[in-house]
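Position one of the sequence shown corresponds to residue 1 (our numbering), numbered consecutively onward.
A couple of the hints might just be wrong.
Claimed, not checked - Capping the alpha-carbon separation at 25 Å, the derived lysine to aspartate or glutamate pairs in DMTMM-like fashion look like this:
1. Lys32 <-> Asp111
2. Lys32 <-> Glu119
3. Lys32 <-> Asp114
Claimed, not checked - Quick list of the computed label-pair ranges, beta carbon to beta carbon:
4. Trp6 <-> Arg51: 35 to 43 Å
5. Ala154 <-> Thr24: 33 to 41 Å
6. Gly31 <-> Leu153: 31 to 39 Å
7. Asn46 <-> Leu93: 19 to 27 Å
8. Arg122 <-> Ala3: 45 to 53 Å
9. Ala36 <-> Glu77: 24 to 32 Å
10. Gly97 <-> Gln50: 45 to 53 Å
11. Ala109 <-> Gly28: 17 to 25 Å
12. Pro118 <-> Ala3: 47 to 55 Å
13. Met74 <-> Asn108: 31 to 39 Å
14. Ser117 <-> Gly60: 35 to 43 Å
15. Ala36 <-> Leu153: 40 to 48 Å
Calculated from the structure, these hints are not laboratory results.
The structure displayed is predicted, hence computed values, not measured ones.
For glycine and all other residues, C-beta sits at the position ideal for the given N, C-alpha and C.
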Amino acid sequence: MTALLWFSAIGCGLMAGLYFAFSTFIMGALGKIDSASGIRAMQAINQVIQRSLFIVLFFGTTLIAAALSVMALMSPEAPLRAALVAGGFVYLLGMFGCTVAFNVPLNNALDAHDASSPEGARFWQTYLARWTRWNHVRTVASTVSCACYIGALAAS
1 MTALLWFSAI
11 GCGLMAGLYF
21 AFSTFIMGAL
31 GKIDSASGIR
41 AMQAINQVIQ
51 RSLFIVLFFG
61 TTLIAAALSV
71 MALMSPEAPL
81 RAALVAGGFV
91 YLLGMFGCTV
101 AFNVPLNNAL
111 DAHDASSPEG
121 ARFWQTYLAR
131 WTRWNHVRTV
141 ASTVSCACYI
151 GALAAS
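Work out the full structure, taking the sequences as your base and the hints as a guide.
The following block contains the structure:
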């Protein structure tokens with residue numbers, strides 16, 4: 001369990017950092033350039049990220065968060081239990097659920113737009129606002145989960 005806690009704490013921290021970077025300056029920078037370039041850049045980011053170690057971290061941390069929650073629910077240790085269940089619940093709902101329900105569909109919709117079309121330019125403005133809003137949720141969820149796992153490690 002300790003090894004899983006370490007992996008989850010580090011994984012959630014890395015995810016929080018990545019999402020924080022997108023929320024605080026990457027999306028802002030993409031919004032400052034012309035829409036066609038911004039769209040192409042985000043489409044390229046979405047293609048590259050799906051073939052990177054990010055995917056291993058994304059799914060690995062999600063699976064371990066789920067496993068830790070199940071293990072915690074079966075454990076009689078109350079302080080650890082609360083931190084593990086909270087960390088897993090927040091991560092699974094706020095990070096994974098948000099990604100699947102909001103960010104990925106927005107990415108798919110962006111991929112369907114021609115970067116140099118007027119429709120693409122209009123959608124880009126909507127995309128920037130919505131995608132970033134949901135990314136803020138992922139940032140907070142990953143950070144809270146990281147804190148829960150660090151708390152569980154400190155208590156163990």
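Now the hints, each set against the structure:
Of the supplied pair hints, the one linking Lys32 and Asp111 holds, its CA atoms being roughly 20 Å apart against a limit of 25 Å. Our distance criterion of 25 Å between C-alpha atoms is met by Lys32 and Glu119, whose separation comes to about 18 Å. Note on Lys32 and Asp114: the hinted pairing holds, with a Cα-Cα distance of about 19 Å set against a maximum of 25 Å. At roughly 27 Å, the beta carbons of Trp6 and Arg51 sit outside the given window of 35 to 43 Å.
Between Ala154 and Thr24 the beta carbon distance is about 27 Å. The supplied range of 33 to 41 Å is therefore violated. Distance hint for Gly31 and Leu153: a CB-CB separation of about 38 Å, consistent with the stated range 31 to 39 Å. A hinted range of 19 to 27 Å for the beta carbons of Asn46 and Leu93 is consistent with their spacing of about 23 Å. Under the hint 45 to 53 Å, the C-beta atoms of Arg122 and Ala3, about 49 Å apart, fit the expected range.
Distance hint check for Ala36 and Glu77: the Cβ-Cβ separation is about 55 Å, which falls outside the suggested range of 24 to 32 Å. For the hinted restraint 45 to 53 Å between Gly97 and Gln50, the CB-CB distance of approximately 19 Å leaves it violated. Hint check: Ala109 to Gly28, Cβ distance near 21 Å, so the stated range 17 to 25 Å holds. The hinted window of 47 to 55 Å between Pro118 and Ala3 holds, with their beta carbons roughly 53 Å apart.
With their beta carbons about 37 Å apart, Met74 and Asn108 fall inside the hinted range of 31 to 39 Å. At about 38 Å, the beta-carbon gap between Ser117 and Gly60 stays in the expected band of 35 to 43 Å. For the pair Ala36 and Leu153, the supplied restraint of 40 to 48 Å holds, since their beta-carbon distance comes to about 47 Å.
The structure is inconsistent with the numbered hints 4, 5, 9 and 10, although it conforms to all the rest.
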